[in-house]
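Here the structure of chain A is known, so what remains is to put chains B and C in place on it, guided by the hints.
Chains as they are written, first to last, in our numbering: chain A, 1 to 304; chain B, 305 to 517; chain C, 518 to 1187.
A hint or two may mislead.
Unchecked claim - Label-pair ranges, simulated between beta-carbon atoms:
hint	chain 1	residue 1	chain 2	residue 2	range
1	C	ALA1132	A	LEU5	54 to 60 Å
2	A	LYS51	C	LEU1124	43 to 49 Å
3	B	PRO397	A	ALA275	26 to 32 Å
4	A	SER57	C	SER1098	21 to 27 Å
5	C	ARG909	A	VAL267	46 to 52 Å
6	C	ALA1132	A	ARG280	25 to 31 Å
7	C	THR951	A	LYS51	56 to 62 Å
8	C	ALA711	B	PRO397	37 to 43 Å
9	C	GLY1143	B	PRO397	48 to 54 Å
10	B	PHE439	C	GLN1162	52 to 58 Å
11	C	GLY1143	B	PHE439	29 to 35 Å
Said to hold, decoys possible - Over 10 Å on every C-beta distance to chain A, these chain B residues come out as not near it, computed from the model:
hint	residue
12	ARG378
13	ARG381
14	TYR455
15	LEU482
Quick caveat, the hints were computed from the structure, so don't treat them as lab data.
A quick note: this is a predicted structure, and the numbers were derived from the prediction, not measured.
Even for Gly, the Cβ is constructed at its ideal location relative to N, Cα and C.
The residues making up each chain are set out below.
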Amino acid sequence: MLSHLLPHLILLLLLSPLLTGIITRTKAVIAGRRGAPLLQLYFDLAKLFRKGMVVSSTTTWVFRAGPVAGLVVPVLASLFIPFGGIRAPFSFNGDLVLFVYLFALARFFTVLAALDTGSSFEGMGAAREATFACLAEPTVFVIFIVLARVSGSLTLDAMLSSLQSHIGHPAAGVPLLLAAVCLFVVVLAENCRIPFDDPNTHLELTMIHEVMVLDHSGPDLALILYGAAMKFFVMGALLVSFFLPPQPTDIVTETTAFVGAMLLLAVAVGLVESAMARLRLIRVPQLLVGTSLLSCFALVLLLR
Amino acid sequence: MQNLPDFILIAVILLNFFLLGTSRLGACVQAVALQGALLSLLPPILSGPSVHALSLAGGAFCLKGIVIPALLLRAIRKLDINREIEPRLGYIPTLLLVALTTAGAFVFGDRLPLLAAHLNSLVIPASLSTLAAGFLTLITRRKAITQVLGYLIFENGIFVFGMLLAEAMPLMVEAGVLLDMLVAIFVMGIVMNHINREFSSSIDTDHLNLLRE
Amino acid sequence: MTSLSVTPPSPLPSAMQMLFLALACLSAGALLPLVALGRPRLAQRLGVATGLAGGVSGVVAAFSMLISGTASDLALPWTTAGVSFALHIDGLAAFFLLPLFLLVAGAALYGSGYLDATAEGRGAAFHWSFLNLLALNMALVVSAANGLVFLLAWEGMSLSSFFLVMHAYQDPDALKAGRLYLIATHLGGALLIAFFLEAGRRCGSLDFSAFSTLRSLAPPQALFFFLLLLVGFGAKAGLFPLHVWLPDAHPAAPSHVSALMSGVMVKTAIYGLLRMLSFLPPLPAWCGLFLLTLGMAGALYGITLAMLQDDLKRSLAYSTVENVGLIFLGLGLWLYSTATGQATVAALALTAALFHIWNHSLFKGLLFFGAGAVQHAAGTRSISHLGGLLRRLPLVSSLIVLASGAIAALPPLNGFISEWLLLMALLALGQAATGGTAVLFLLLTALLALVGGLVLLTFSRLAGLVLLGEPRQRGALGHAPPAAMVAPMLVLALLCVGVGLIPGVPLKLLRGAATLVAGTPAAVVLPFGPLWGFCGGLLVTGAALLVFIAHRRAAAGDARRPTWGCGFLRPNARMAYTAGSFSELAATTLLATPMQPVVSATPTTCLFPTRAAFAREAPDPVLERGLAPFCGQLARRAYLFRKLQAGKLDIYLLYMFLATTLLLAWAMVG
Chain A
1 MLSHLLPHLI LLLLLSPLLT GIITRTKAVI AGRRGAPLLQ LYFDLAKLFR
51 KGMVVSSTTT WVFRAGPVAG LVVPVLASLF IPFGGIRAPF SFNGDLVLFV
101 YLFALARFFT VLAALDTGSS FEGMGAAREA TFACLAEPTV FVIFIVLARV
151 SGSLTLDAML SSLQSHIGHP AAGVPLLLAA VCLFVVVLAE NCRIPFDDPN
201 THLELTMIHE VMVLDHSGPD LALILYGAAM KFFVMGALLV SFFLPPQPTD
251 IVTETTAFVG AMLLLAVAVG LVESAMARLR LIRVPQLLVG TSLLSCFALV
301 LLLR
Chain B
305 MQNLPDFILI AVILLNFFLL GTSRLGACVQ AVALQGALLS LLPPILSGPS
355 VHALSLAGGA FCLKGIVIPA LLLRAIRKLD INREIEPRLG YIPTLLLVAL
405 TTAGAFVFGD RLPLLAAHLN SLVIPASLST LAAGFLTLIT RRKAITQVLG
455 YLIFENGIFV FGMLLAEAMP LMVEAGVLLD MLVAIFVMGI VMNHINREFS
505 SSIDTDHLNL LRE
Chain C
518 MTSLSVTPPS PLPSAMQMLF LALACLSAGA LLPLVALGRP RLAQRLGVAT
568 GLAGGVSGVV AAFSMLISGT ASDLALPWTT AGVSFALHID GLAAFFLLPL
618 FLLVAGAALY GSGYLDATAE GRGAAFHWSF LNLLALNMAL VVSAANGLVF
668 LLAWEGMSLS SFFLVMHAYQ DPDALKAGRL YLIATHLGGA LLIAFFLEAG
718 RRCGSLDFSA FSTLRSLAPP QALFFFLLLL VGFGAKAGLF PLHVWLPDAH
768 PAAPSHVSAL MSGVMVKTAI YGLLRMLSFL PPLPAWCGLF LLTLGMAGAL
818 YGITLAMLQD DLKRSLAYST VENVGLIFLG LGLWLYSTAT GQATVAALAL
868 TAALFHIWNH SLFKGLLFFG AGAVQHAAGT RSISHLGGLL RRLPLVSSLI
918 VLASGAIAAL PPLNGFISEW LLLMALLALG QAATGGTAVL FLLLTALLAL
968 VGGLVLLTFS RLAGLVLLGE PRQRGALGHA PPAAMVAPML VLALLCVGVG
1018 LIPGVPLKLL RGAATLVAGT PAAVVLPFGP LWGFCGGLLV TGAALLVFIA
1068 HRRAAAGDAR RPTWGCGFLR PNARMAYTAG SFSELAATTL LATPMQPVVS
1118 ATPTTCLFPT RAAFAREAPD PVLERGLAPF CGQLARRAYL FRKLQAGKLD
1168 IYLLYMFLAT TLLLAWAMVG
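With the rest of the complex left out, here is chain A (with noise of 0.2 Å):
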């Protein structure tokens, strides 16, 4: 599936940055406000790499390799998966290992990038990061497992454009819905949505993900967005993969559907959060916990 790897780039390239415009969009209607324009993200971007930069001086190589690994690791991971009708350019058995694998190593560098300043308030996020992975990532593993045993393969691609035939089947119906609202809950959390983290605070005591990217600025903070509007753009895929209509027919229709999904998805994120409110930072290890406990139920029942 090669000659898909062109219009998968350039959709995920060209696509990802809109859904924050969405997000922002939504949650500034909700609030009665007009908000930013739908593209501020691109226009962001095209400033903050024409900008010089900041650097701490007790940062290395290892402060410039986050940003590098963040906007690197979202575009290699979404090789393996499909965007409606474009199918993933690259798969093999046992991909979905890779894919978890591949965000940990944005993870490491990422980490390591917010130790590397040796401010406390970036090492308290860096903490924060790392503990809250560990408890998504097993949820994660648990919903791929249901999806793998449905479809009754290991490879993401196979895995995801033939969900949409299995959802309305009495006995993987339920657990499939389950394992989308652990997905739900994963994509917010990973991507430092509400109700885990604010993006739009900074400083605050209760946030992981922003804190770690105080010190970066100008071209590297751009990467850092442009990277983190592709995870969750990566991300969300899987999500609406659940959601899309069951007949394939063309690669046009079925792509347009994907599109719509996506943005359906942004709206959505900004409807929720709009709606809750940041959650206590003791109560997240419990929500997703929880969370974890629900994939296995969905699992439990698809066994049974």
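Quick look at chains B and C alone, frame taken from chain A:
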């Protein structure tokens, strides 16, 4: 709509997780109410809309979904009970226990000698796991009002179990159980009121230890 | 006592000749430094030279044997013991010999820069003698073809490593660690002696070639043997819950010895288990389940405690417990799937375990070498005091970052390949099974993912706090290590990257060992092909470099300022996150109370607080809360028997008389 009962029962099990995972008292009462209301839909769906089933459903819906939760919420408001649940055992360990008991309920449910019609249904696992959730609430939560909630969850579990015997169980027995619950709630309400007056700080069942000889 | 008649049967095969050369070098290395006892620098030079020569020739020997895939034997008649001094090298032995000799050579070179011979005085000679003796005995354990040779080498390995652990014998902690190690290793050794005696009695000979008669054992006896072996070898390998000595003993030794002990000595026990299992009849499936449960428990337990340690090397030692757990998880999966007749999964699981053995030797050796370099440079091992080393020792620190990535199984490094194989074995078992069994394996997969997350937490903490930021205590600044220490680290790092990028080659090399263990050809083909990793790695590095260069140019005029203090006026390094604070959130939210670190703090009582102290320790719960109280109770009970020891001669004579009478009576009745 073949698997509507299954959806309801899964929702009931998920509510068990929520009940023992949440830290808000109000949310907990509302979840119990939702659980009761969902369960009251079951008899007509499972055994067809007979007078028996409909009256049972109506009674259960009114009592478990509306009257008792309203009473409890009123008690919370009137007695100024703290909105936070005070667990004896932390939330994460309790959640793990719920998961374990639920898994156990599934394992045990598959082993029971049941009628062929009930073999693959979720009734037994849902009932057992709800019973266990009731027990866990009673054991691991400290407040008097959560004790009441525990009994309510417990009753919900028994109600699910009764679904297997929907035809055999006389209406009067069901009604009697529901009425018992109501009386029990009243008694608990009065007791709570007294405890509140006595130990004005908080309604904590640990204080009742003072009553032993 | 060894009157070895050195008349080697000619002609020796060439690989065997190299091995013989390696063993001869190491034997010389065990004796020569003692000759130069009074001249420490000469002793050190002799020890290093012989160790290095032995290691390098051993690597050549093991490598050529792995490639040719032929087995070779060596048997010398041994006049006093009545058995032959028999060695047998096949694919399995060569598989274990390769990392062994590699790390021996590395440790010898590294040690020459690490140990200051003049400061050590006479200790240097003893150190090098014992180091070479340890290497010799480990090689003999792996190549022995006779129970007696095996046991003698095993004992020699235990004792020489004990003396190496006691290197800093003035330190009470090292003494305690050494004592615990001696007890644990001998308890395990006693069970092994029992096994070999019983096996030798049944087979009529201690030669391994005669042990094949054990295959006709009845199931209960086979099970008994299995348990003997599991406890006996498990105690040496650090299998949970027999690991209690390991986190004390490994860090107490000098770093190159820690690397040897963690990197290869624990593996000799796994070798022993695999070798002996190949003589036993097929085991029931629950043995596999038992083994994999222990492995999983050990992995979770080890990494949890590694996460909590403040001592750099102790954290690494606990991570060894975790990795041994993962290896045993793979072996358990292999036993289970063999017993249930799932041949492809069995091959997958066995390959995963074997691959992980090699990988762990590489990255754990590198990490311990790195920890030694850190200690050498900064003078402390406490993670909470270190920091900022990457700017002062860029090369060594970058290698530690790389090794941390490898142990956290990050693609495209070597750790990922074995982790992938292990997960695939679990997933395949889960896909094929139904009902409860499927849930078990699939939940194990989730637990393995949890272990993966915790490893990432542990090693990002380790690398991040030790190497990055600012030193948290004055004095922990560091000076560069000599080239002799850096060179072995570079070789290991290159291997970590190479194995990760081209996993097909090591996979082909270990196929012979897997086939020997499984008894049937066990071939695993990576679905991404041997070149996929290479392409993927290239893609990653290429893309990363491109972005890096592009944005370097964009940032040509970047400004250097101190880290933003978040509004604090005078942030200093002592306010930065420490080892304890980094893992605190995980400890409080994830761990049960008995696992949590012990905190002792003086409370502040008045408005102008006086001097306060705060300490956080994470002692081993199994030892401190389980074994130590139990043994204490046992010792108190045992005091009752002291009454027997009256100290009067007539009483002792009475005992003797009574014993003789009883024996006579027993002889009459029996």
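task: Please confirm whether LEU482 of chain B is truly not at the interface, meaning its C-beta sits more than 10 Å away from all C-beta atoms of chain A.
output: Given a closest Cβ separation of 29 Å, the condition holds.
field: Hint check for ALA275 of chain A and PRO397 of chain B - Cβ pair distance inside 26 to 32 Å
entry: 30 Å Cβ-Cβ, so the 26 to 32 Å window holds.
query: Do PHE439 of chain B and GLN1162 of chain C keep their Cβ atoms within the hinted range of 52 to 58 Å?
result: For GLN1162 of chain C against PHE439 of chain B, whose Cβ atoms are near 55 Å apart, the range 52 to 58 Å holds.
message: Please check whether ALA711 of chain C and PRO397 of chain B have a Cβ separation lying inside 37 to 43 Å.
response: 42 Å, holds
message: Between the beta carbons of ALA1132 of chain C and LEU5 of chain A, is the distance compatible with 54 to 60 Å?
response: 56 Å, holds
- request: Starting from the range 46 to 52 Å, see whether the pair ARG909 of chain C and VAL267 of chain A falls in it by beta-carbon distance.
  value: 51 Å, holds
- prompt: Far enough from chain A: is every CB of that chain over 10 Å from the CB of TYR455 of chain B?
  reply: Given that every Cβ of chain A is farther than 10 Å from that of TYR455 of chain B, nearest at about 24 Å, it holds.
- prompt: Is the nearest CB of chain A more than 10 Å from the CB of ARG381 of chain B?
  reply: Given that every Cβ of chain A is farther than 10 Å from that of ARG381 of chain B, nearest at about 22 Å, it holds.
query: Between GLY1143 of chain C and PHE439 of chain B, does the C-beta distance stay in 29 to 35 Å?
result: Since the Cβ atoms of GLY1143 of chain C and PHE439 of chain B sit about 30 Å apart, the hinted range of 29 to 35 Å holds.
Cβ distance range 48 to 54 Å for GLY1143 of chain C and PRO397 of chain B, holds or violated: 21 Å, violated
- prompt: Regarding LYS51 of chain A and LEU1124 of chain C, is the given constraint of 43 to 49 Å on their beta-carbon distance met?
  reply: 48 Å, holds
task: Could you see if the CB distance from THR951 of chain C to LYS51 of chain A stays within 56 to 62 Å?
output: Holds: the Cβ-Cβ distance is about 58 Å, inside 56 to 62 Å.
This entry does not satisfy hint 9, going by the numbered hints stated previously; all others are met.
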